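Generate the whole structure from the sequences, applying the supplied hints.
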Amino acid sequence: MQIALLEQALQMPDAYLFIDRLQAALELEKATRKHFYEIVEENRKMEFINGEIYYHSPVRLWHNEASGFIYQMLDAYVRRNKLGRVGIEKLLISLTRNDYEPDVCFWQTEKSKAFKPRQAQFPAPDFVAEILSESTAKHDRGIKFQDYESHGVQEYWIIDPEKQVLEQYVLENDTYELRMKAANGMVHSAAIEGFSIPVRAIFDDDENARVLAELWQQP
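Everything in the sequence shown is counted per my numbering, starting at 1 for the first residue and increasing by one.
Worth flagging that the hints you see were computed from the coordinates, not collected in a lab. If you're wondering where the values come from, they're calculated on a predicted model, not measured in any experiment. We treat Cβ as the ideally placed atom computed from N, Cα and C, and that holds for glycine.
Computed list of lysine-lysine pairs in BS3-like fashion (alpha-carbon distance at most 27 Å, straight line):
no. : residue 1 : residue 2
1   : 90        : 138
2   : 30        : 116
3   : 163       : 90
4   : 90        : 45
5   : 138       : 163
Ranges of calculated distance between the beta carbons of each label pair, as one might list FRET restraints:
no. : residue 1 : residue 2 : range
6   : 23        : 216       : 48 to 54 Å
7   : 94        : 24        : 19 to 25 Å
8   : 216       : 146       : 32 to 38 Å
9   : 185       : 95        : 29 to 35 Å
10  : 38        : 210       : 43 to 49 Å
11  : 137       : 94        : 21 to 27 Å
12  : 79        : 26        : 38 to 44 Å
Here it is, written out as structure tokens:
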């Protein structure tokens, strides 16, 4: 997409004027982003997307359970194997233009070892899971998909809690490829070495509890 846009801009006879207008718009956007950093709250989910500040409504129960189940399994596995750090909900991911608060994310040790206790902004993760809702689905499948892809997030899970379906996207040659779309079966992570779980464990309480017990019992 970036190459296509660049080629399109280079064909414009007024390319320099276009760039001037673009730079002016981005400078104005920087001021809005600075304001976002000043007002962002610890107890309310807020994101900065393409110059706009978004305030998120409380989530439905199925959204909360899906994100919680993924976090519990991933955190148990990562902690036990000392693979890095897992975040949930309120960690602010600051990319070149936008700021997101993913539902669940993971950084490998190489990145996370530099994190500080009082740190409030974080680099692009290696893994992100977003739980779809009516208000976020457009961004999760659109802007965030493109942004995570462009910033090298190795693996992106899109979870539909209503249909109970997982979509697993893996970065290959700088482009996300759909590795799996399923309501059952095993999902094998590409970004988290050795992490494999049943898809049902994302949605079913009993299955989640069983998998958690197995993860903690692993040698």
